[in-house]
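Visitor: Residue numbers (our numbering), protein chains in the order written: chain A, 1 to 114; chain B, 1 to 111.
If you're looking for bench data, these hints aren't it; they were derived computationally from the structure. Misleading hints may appear alongside valid ones.
Claimed, not checked - With a Cα cut of at most 25 Å, we get these calculated BS3-like pairs of lysine-lysine:
1) B/Lys70 to B/Lys57
2) A/Lys71 to B/Lys98
3) B/Lys57 to A/Lys53
4) B/Lys98 to A/Lys3
5) B/Lys98 to A/Lys55
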Amino acid sequence: DVKVTQSSRYLVKRTGEKVFLECVQDMDHENMFWYRQDPGLGLRLIYFSYDVKMKEKGDIPEGYSVSREKKERFSLILESASTNQTSMYLCASSTRGGPDYGYTFGSGTRLTVV
Amino acid sequence: GQQVMQIPQYQHVQEGEDFTTYCNSSTTLSNIQWYKQRPGGHPVFLIQLVKSGEVKKQKRLTFQFGEAKKNSSLHITATQTTDVGTYFCAGRETGGFKTIFGAGTRLFVKA
């Protein structure tokens, strides 16, 4: 069964901490994405990557950075966590060519910044 | 920039009633995708539509893509309690790379 795995289901961090959210996919997908999900706002794109070492800003990149050193791994970094970054973070992947099966999402990481 | 609006935000139905959620884009879309997120879960891909006027069915679910490729709908016939969750549409702008998600419609089904 194909999978997108996020390293943590729940995280609690302090304001100002550097936070790493890890995502690994086993489908050999080219594209990977980080979204945050907040009530009433749906899914908002933070960053995406369509190849190793490539990254593109999404709609709300401020306060975040990403790293994609290997095809299967896409990391989201909160340089200095703030309370307004408390949210559900969802990683997703998709394939570039062939039949489009949409995005495969991970189970999410619920981050609380205190 | 591209915006994808989805209505209604919430819908409460009695089991057996029909349900429809609508999705409208500010720009022409190359495709529209639909996802379902169960309470406490993550979005799961349901279907993709790419052709103008396309209609696809999955059992009690009917998906439509508008003729102008700027709107879409998901209709559920005779809802069941297993249909509860949030339904998201997601559209890719023609010539673009990003897929933009609507805010979702949360469906509540009363037995």
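Visitor: Against which earlier hints does the structure fall short, listed by number upward?
Guide: 3
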